[in-house]
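Each protein sequence line maps, in turn, to chains A and B. If you number the first sequence the way my numbering does, the last residue is 493 and the count never jumps. If you number the second sequence the way my numbering does, the last residue is 117 and the count never jumps.
A few of these clues could be false.
No farther apart than 30 angstroms at their CA atoms in a straight line, the calculated lysine-lysine pairs in the DSSO-like style are these [what the hints assert, rightly or not]:
1) A/K427 <-> A/K471
2) A/K427 <-> B/K27
3) A/K89 <-> A/K282
4) A/K398 <-> B/K27
5) A/K398 <-> A/K427
6) A/K359 <-> A/K471
7) A/K89 <-> B/K65
8) A/K398 <-> A/K89
9) A/K89 <-> A/K359
10) A/K471 <-> A/K398
11) A/K282 <-> A/K398
12) B/K27 <-> A/K282
Quick list of simulated restraints, FRET-style, between CB atoms [what the hints assert, rightly or not]:
13) A/T39 <-> B/G59: 45 to 53 angstroms
14) B/D61 <-> A/I21: 30 to 38 angstroms
15) A/I176 <-> B/D61: 31 to 39 angstroms
16) B/A66 <-> A/N289: 42 to 50 angstroms
17) A/V197 <-> B/A66: 29 to 37 angstroms
18) A/T318 <-> B/E91: 29 to 37 angstroms
19) A/Q396 <-> B/E91: 16 to 24 angstroms
20) B/A66 <-> A/Q396: 48 to 56 angstroms
If we take Cβ atoms under 8 angstroms as the criterion, some of the chain A residues that face chain B in the derived model are [unchecked claim]:
21) L31
22) L59
23) A84
24) G104
25) I204
26) I207
27) A208
28) P264
29) G277
30) S323
31) M379
If you're looking for bench data, these hints aren't it; they were derived computationally from the structure. Think of the CB as a built atom: it goes at the ideal place given N, C-alpha and C, for glycine as much as any other residue.
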Amino acid sequence: MNAVPATVLVQSESFIYVLYIVAFSLFIQGLRGLAGPTTAVRGNRTAAVGMAIAVIATLLNPGEGNWGLIALGVALGVAVGVPAARGVKMTAMPQMVALFNGVGGGAVALISWVEFRNYGSTYGSRTVYVGGELGGVIVHVGAVPTYVAIFSVFAAIVGSISFWGSNIAFGKLQEIIPGRPISLGAAQQAVNLVLLVLAVAAGIDLIAGAHSELLFIGMLVLAALLGNALVLPIGGADMPVVISLLNAFTGLSAAATGMALNNPALIVAGMLVGASGSILTKLMANAMNRSIPAIVAGGFGGGGAIEGASGAGEHAGTVRTTSAADAAIQLAYASRVVIVPGYGMAVAQAQHAVRELTKELEDRGVEVSYAIHPVAGRMPGHMNVLLAEADVPYDQLKEMDEANPEFQRTDVSLVIGANDVTNPAAKNNASSPIYGMPILEVADSRSVIVIKRSMNPGFAGIENELYYDPKTSMLFGDAKTAVSEIAAELAHL
Amino acid sequence: MIIATILTTNLAILVLAGFVGFVVISKVPNTLHTPLMSGTNAIHGIVLVGALLLLGLPGLDDLSKALLVIAVAFGTINIVGGFLVTDRMLEMFKTRPKPAKDDKDEHDHEHGDGGAK
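Only chain A is shown next, with the shape it has when bound in the complex (with noise of 0.2 angstroms):
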């Protein structure tokens, strides 16, 4: 070893930016894992590396110091996070995820806020900067760039929505508030929209230089509104895009945090969760066929709901209901079976009942898949971990451009706790609110059984054409009871 004391060497300044960068490249190498399940597990672990690596990088900040504050933190994020992510339910990871972005976007704002207590009084001025280093590298310049304010004000405007909308979220899918639209109607966008312009107008201020630590309480409160006004009038259906949304703000305020602070794993990091955010957010709405913004206008609920209403009597056509066992004779004889799951299947903690009535139809040499549609269930890829929880292999779950061909050789469309995704109105009706959404085709098949609790429309509100098919045949009842009993008359022929 050479004269220099390894101490210099791992906190000098390039030292620890290198590891920066290793900690990025690991984020994205771990991201790529997730294209396919057979990488995805080593995918999550190098990921985590990386998280490591940034954490240890910033610790050996020549400048760091309060470790008891650390440790004590630490010891508190994982006192919860640890028993939080052991005991939760897959059916409840929509709650989870939507808690999680909320801590996140949280972190960011309070971050924000030291900021603005710490170097606020230089904003918008030339003053002498007199602080230390800001990030893990230092600023060698007199005031603190006004580029720093900008990105701090929109990471403090951005996290706070962010942390109060996935609350709402998180409440909402808990049942701690009505998942039901909760809105002030045609006022609603007028509203948010002054909202956010206080909100801007604030930080704009702050950014020129009005040094009032108020003012700053008061940007972060209103965003605290807006995050709760866009959050509360939107549905249950329309929850995946909600999710997604505020993952991509978490991490867009993250990386706003990361070009505040001058540290490229934040930048790199928060961008990586900003674009996966806002790809999901594009395919979910996609697969509703509906705009962001209408969304987050929050539409649904009232125009659907009543046309739905006015056009439920309309239908005079006869409903057949089936028997478990007469569902189970008809499956038992199909050679091929398609099962399409909804977010009945997740309220009802079915996955386990229909992996063994799967297993059972197997057995008898019957084909089966499974159909999801993208929007199925509360968020992206639900249906998929409940299935897979449940040890259904992820070969036989089909995804919807892959499973509609399929229908017009399948002898029977097992529909278990789905609605809006099979309404056969969002081809034929023009004159329906979801005309033009992408649905499973299960019309198609030779014969339907659906699983349903009662003939309520679903979110949307609408009545589903398909129910009144005469190939179709309804089995009222809870998701697990019916699939269980049928599984039961199925061991029994």
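Fit chain B to the known structure of chain A by using the hints.
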């Protein structure tokens, strides 16, 4: 001049990371979208780094310290909770009987006989 250099360099990183993100995330199949979300929850736990950096600033007052302790706790929840829950989920996708062909091997006879009969 120096400001412009740091800012423009960071902007370049920001933009490039966005493009890389779009390319990489586009390859994630629908099946893995829930693990993707919880995995990205863990990755935005990187805000922990931001909170840690600020805790190194000299002369923080008590309110700043309290806010940062909460931020550290939030970031830690994201990191440990996010990676753990994602790992749990992905393990379920991994441990599965190989489809069709392997069924004839000795493993995987009726598991879980409880229920029917």
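Proposed interface contact between A/I207 and chain B, which counts if any beta carbon pair is under 8 angstroms: violated, 15 angstroms
When you take the CB atoms of A/Q396 and B/E91, is the distance between them in 16 to 24 angstroms? holds, 18 angstroms
Below or equal to 30 angstroms on CA atoms is what counts here, so check A/K359 against A/K471. Holds, at roughly 25 angstroms.
Does the Cβ distance between B/A66 and A/N289 fall inside 42 to 50 angstroms? holds, 47 angstroms
Is A/K89 close enough to B/K65, meaning Cα to Cα at most 30 angstroms? Given that 30 angstroms is the threshold and the Cα spacing comes to 35 angstroms, the pair is violated.
Is A/K282 within 30 angstroms of A/K398, Cα to Cα? holds, 20 angstroms
Tell me if A/G277 is really an interface residue toward chain B, meaning its C-beta lies closer than 8 angstroms to one of theirs. holds, 7 angstroms
Under the criterion that the straight-line Cα-Cα distance not exceed 30 angstroms, is the pair A/K89, A/K282 satisfied? At roughly 27 angstroms apart (the allowed maximum being 30 angstroms), A/K282 and A/K89 satisfy the hint.
A/P264 as chain B interface residue, shortest Cβ-Cβ below 8 angstroms: Status holds, d = 6 angstroms.
When you take the CB atoms of A/T318 and B/E91, is the distance between them in 29 to 37 angstroms? violated, 47 angstroms
Supplied distance hint 48 to 56 angstroms, evaluated on CB atoms of B/A66 and A/Q396: holds, 51 angstroms
Any CB of chain B closer than 8 angstroms to the CB of A/L59? holds, 7 angstroms
Hint check: violations occur at hints 7, 18, 25, 26, 27 and 30; the rest are consistent with the structure.
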